[in-house]
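Enquirer: For what it's worth, the UniProt record's numbering labels the leading residue of the sequence shown as 1, then goes sequentially.
Just so you know, the hints here were simulated from the structure itself, not pulled from any lab data. All C-beta atoms in this analysis are idealised placements derived from N, C-alpha and C, irrespective of residue type, glycine included. A hint or two may mislead.
[Stated by the list, open to error] Simulated restraints on C-beta separations: (1) 235 <-> 168: 43 to 53 Å; (2) 169 <-> 239: 49 to 59 Å; (3) 223 <-> 176: 47 to 57 Å; (4) 320 <-> 179: 25 to 35 Å; (5) 324 <-> 293: 38 to 48 Å; (6) 377 <-> 328: 34 to 44 Å.
[Stated by the list, open to error] List of simulated lysine-lysine pairs, BS3-like, C-alpha gap at most 25 Å: (7) 312 <-> 110; (8) 381 <-> 405; (9) 110 <-> 175; (10) 323 <-> 381; (11) 381 <-> 110; (12) 405 <-> 295; (13) 190 <-> 242; (14) 412 <-> 381; (15) 229 <-> 445; (16) 295 <-> 312; (17) 295 <-> 323; (18) 323 <-> 242.
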Amino acid sequence: MATSQTDATDLTGQSEEDPHTQSEGHLSNGFDAALLSKRLAKRGGPGAKAAKRAELRDAPKPKGKAAAKPKVARTWNDPSGEPRVDAAALDFTEDKPSDVESETVADFSKLSLIDVAEEVVFDDVEEEATGASGAAKKPAATGFLSSLVRSMGVSVAGTSSLTREDIASARTALKTKLMERNVAEEIAEKVCESVAAGLEGRRLGSFTRVSTVVREAVEAALTRILTPKRSIDVLRGVREAKARGRPYTIVFVGVNGVGKSTNLAKVAYWLRQNGASVMIAACDTFRSGAVEQLKTHCARLGVPLFERGYEKDPAKVAAEAAKAAARAGTDVLLVDTAGRMQDNEPLMRALSNLISLNAPDLVLFVGEALVGNDAVDQLTKFNRRLADLSPGPNPHLIDGIVLTKFDTIDDKVGAALSMVYTSGAPIVFVGCGQTYVDLKRLHVKSIVAALLK
1 MATSQTDATD LTGQSEEDPH TQSEGHLSNG FDAALLSKRL AKRGGPGAKA
51 AKRAELRDAP KPKGKAAAKP KVARTWNDPS GEPRVDAAAL DFTEDKPSDV
101 ESETVADFSK LSLIDVAEEV VFDDVEEEAT GASGAAKKPA ATGFLSSLVR
151 SMGVSVAGTS SLTREDIASA RTALKTKLME RNVAEEIAEK VCESVAAGLE
201 GRRLGSFTRV STVVREAVEA ALTRILTPKR SIDVLRGVRE AKARGRPYTI
251 VFVGVNGVGK STNLAKVAYW LRQNGASVMI AACDTFRSGA VEQLKTHCAR
301 LGVPLFERGY EKDPAKVAAE AAKAAARAGT DVLLVDTAGR MQDNEPLMRA
351 LSNLISLNAP DLVLFVGEAL VGNDAVDQLT KFNRRLADLS PGPNPHLIDG
401 IVLTKFDTID DKVGAALSMV YTSGAPIVFV GCGQTYVDLK RLHVKSIVAA
451 LLK
């Protein structure tokens with residue numbers, strides 16, 4: 001059957017009388033392929049899907065704001081769906097420029113808590129008011145100190161002296177209270193013996209508060225325990241070493257994760273506030289990021305850092321740092337060491353070698369107040385290992401203690417008492433926060449107030 005002119009026009013999109021207007025780009029064997037595809041897509045049928053795909057493919061692409069956004073490759077191992085950070089951005093090797101300059105410089109106008117007088121308030125003091133007639137009112141306090149006084153069978157004042165029988169029940173109650181505060185049993189017993197000895201035979205005057213007498217007896221016993229066999233005055237030591245033309249060296253040791261580097265930075269802040277120049281030696285050549293952490297602290301504190309990277313002998317790094325500090329005329333060299341468990345003999349031997357080779361002025365053990373009497377075990381074994389593994393005949397043991405996270409333990413302060421009693425080393429500093437100013441001295445009255453809380 002002959003094809004009519006109308007049908008030819010429908011299929012080709014052009015009239016037979018106007019062949020010159022046909023576009024070569026749209027004709028295939030005399031037909032307009034694009035128009036044919038549209039017709040097939042509208043009709044449906046076997047070729048409809050293919051025709052639809054061809055129509056979408058040949059459609060003009062939008063330009064400008066209407067243009068489609070380019071596809072972003074999906075990061076399959078990132079659950080957030082965000083593009084993965086370029087590995088180059090995470091490269092902090094020494095050939096990359098450091099960005100520690102952007103860190104905020106420490107504000108030295110804020111006084112370290114070491115130099116701030118601490119006011120101790122006993123919240124359990126027995127209110128014993130005596131009237132003009134000498135008659136005493138009943139105690140107003142209801143806490144432990146008041147219950148301890150009442151258990152002694154003495155109200156306020158009297159003519160008779162305190163006997164051992166008067167003190168017996170109070171002694172038992174005091175021992176239990178101390179052990180609840182993390183004081184080791186042996187030490188709690190000695191404190192109670194000392195308190196009983198101080199109270200026995202004591203005659204109370206008419207205007208004497210019994211709670212005050214008991215508190216003073218406990219304070220005297222704790223003072224005897226917390227008073228160090230060796231007095232440590234860091235600033236005086238710094239001045240004496242400077243007079244001899246050498247830096248005063250402090251080595252910080254301890255187990256992993258107790259805050260050695262952080263509290264070293266706090267000590268550096270305090271020393272700078274007191275006019276001493278400081279250099280920090282990065283002798284933790286094992287833990288990843290240890291050197292970078294100290295770089296940040298040094299940038300904020302404005303002190304130089306001596307470091308030799310990782311996988312170096314820490315004893316030799318400390319020795320080189322001491323020479324560099326002496327050449328620079330630095331007053332104090334603070335040596336940061338890697339954390340290690342007290343039972344790890346190779347690492348303890350390396351630490352003993354560092355101390356023996358460099359002969360520091362002060363070796364400070366950094367321990368957590370949070371772990372309670374575990375810190376006592378760590379300190380005891382550290383001392384024993386330093387003595388047993390020392391390459392020389394006269395080992396340098398731990399001189400003092402830095403007790404960290406003291407602000408997290410509330411009234412569980414017994415570990416401090418146990419550490420001092422066991423080692424004979426004083427608590428030189430107490431960490432009580434996360435800023436540079438959060439470093440205190442240990443005050444006996446604060447310990448007494450916490451124990452009797």
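Enquirer: Give a verdict on every hint.
Expert: The hints, checked one at a time:
no. : hint                    : verdict
1   : 235 <-> 168: 43 to 53 Å : holds (46 Å)
2   : 169 <-> 239: 49 to 59 Å : holds (51 Å)
3   : 223 <-> 176: 47 to 57 Å : violated (22 Å)
4   : 320 <-> 179: 25 to 35 Å : violated (48 Å)
5   : 324 <-> 293: 38 to 48 Å : violated (20 Å)
6   : 377 <-> 328: 34 to 44 Å : holds (40 Å)
7   : 312 <-> 110             : violated (37 Å)
8   : 381 <-> 405             : holds (21 Å)
9   : 110 <-> 175             : violated (41 Å)
10  : 323 <-> 381             : violated (31 Å)
11  : 381 <-> 110             : violated (38 Å)
12  : 405 <-> 295             : holds (23 Å)
13  : 190 <-> 242             : violated (42 Å)
14  : 412 <-> 381             : holds (22 Å)
15  : 229 <-> 445             : holds (19 Å)
16  : 295 <-> 312             : holds (18 Å)
17  : 295 <-> 323             : holds (20 Å)
18  : 323 <-> 242             : holds (14 Å)
Taken one by one, the earlier hints fail for this structure at numbers 3, 4, 5, 7, 9, 10, 11, 13, listed in ascending order.
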